[in-house]
Amino acid sequence: MVFAMRSRSKNSAHFFINAATVAAELSEVLTEAKNISLEAMNAKALVARAGDNVRTFKPITDFMVELANDTILLVKEINREALVLSRTSLNELHSSDANIRFAKAQQKASTALYVETLDPMAREASNQHHQQAVQLKRHMRKLFELLDEIESRMLAANVVTATSRLEAATAADSYQASLEGIVVKLEKAANRIKHIATKCRRSLER
Amino acid sequence: MKVVKLHEGRSHEWLVFGRDEERPSKIIDTNQYMIKTTNHTIMLDPGGIELFSAMLAAVVHHVPVNQITHLFASHQDPDIISSLGLWDKTLPHAELYAPWLWEGFLRHFGCNSIRYNPLPDEGKSIRLDDIELQFIPAHYMHSSGNFSVYDPQAKILMSGDIGAALLPDGAPLFVEDFDAHVEKMRLFHQRWMPSNRAKKDWVRRVRQLDIEYMAPQHGAIFKGRDVQRFLDWLDELEVGTGIHQ
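Chain order of the listed sequences is A and B.
So for the first sequence, UniProt numbering puts the first residue at 1; every next one is plus one.
So for the second sequence, UniProt numbering puts the first residue at 1; every next one is plus one.
What follows is a list of derived Cβ distance ranges for each label pair:
id, chain 1, residue 1, chain 2, residue 2, range
1, B, 169, A, 25, 44 to 54 Å
2, A, 119, B, 104, 26 to 36 Å
3, A, 126, B, 112, 14 to 24 Å
4, B, 78, A, 184, 52 to 62 Å
5, A, 27, B, 129, 56 to 66 Å
Don't read these hints as lab results, they were simulated from the structure.
C-beta atoms are modelled at their ideal positions from N, C-alpha and C, and glycine is treated no differently.
So here's chain A without its partners, still in its complex pose:
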């Protein structure tokens, strides 16, 4: 983790682009989450129609609705955080640039009569850079945590699809195909979301 954090901050010059790209990628996750929500509604309708025939499927549909709603909220939060991170990394880049330029001026002016008058602003530039770097690390950590969360939710979704498959197999023949169809769609959406979240994480780690 320490190594990962170090390598992340090392590349902060490109970070604001990557963070903005993550925000764009996540719009697809939102679409998938809405698909899950839609499938959850279909499942609920089916369960209501089928009554006792698929009674055991009800908790699964409830979970799907919850999963879809949570994912939508989570994606919105990640999106917000990615934009904050993009802005923060740009500020960090600017403060780093200012810090370097003041240090360079101090170095060049080492023999100048009034060189000591540069000290306060060079110190301030250094402090500001430090503060921005701390902020950047904080926002990076937050974004990675959110990506962790979305990935772990999708793992949970995979467990539920496995259970759902078993339940679908035991349902009456007339409902089996429909239930299996819903399970397949849920699985696909969860895998797609997990794939995008992993891709976002990788682009942030570059």
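Since the structure of chain A is provided, determine the placement of chain B on it from the hints.
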């Protein structure tokens, strides 16, 4: 960075900073000016962001940073003032005089602490201790909101891009052979200056001034008779030649 004293009087002095040997290649060479009075210092067209470190280092050989109280930007170009964001961190209590037209644009360089004093189109005078500085309208020469600075006491006109020349590295800081220099100015004025009417207006205004030195932001400084020769040359020059019919 080369520094030359252009004027030293009882009340103030003018310094020119330029010909920076460490300037990144492909960046146009610029002249920066500084006027130092008893309690104040103003920097005229303090330069681009790439020049900031060299400029700041050169300045503290002559004045403590906290004595720089004013900045002036003749117009909005990056080689004039893209260092503003860094000066803003250096001189949070300073004031910037610049064309009103460019305020919303110049603030993109970063101007959170420095006070922006918008110059009206008709120009304005300010006093710094015992001296008066006149901001002379130079609109469309080349920027649509543009000013020259005249110091009647030192008889120096800081003309911004007017009188600029594209010179090779290491060229002298003062015009030595006016006739030879003309060819190094021609393209700059014909292509960068868009309006013959604006040019005539500026020449008419400036002919009324008593000028010992005319100090452009690029190229070499004119002195004595060469100032009048330049005005005559510019008066006759066809500008705005970028449109081919």
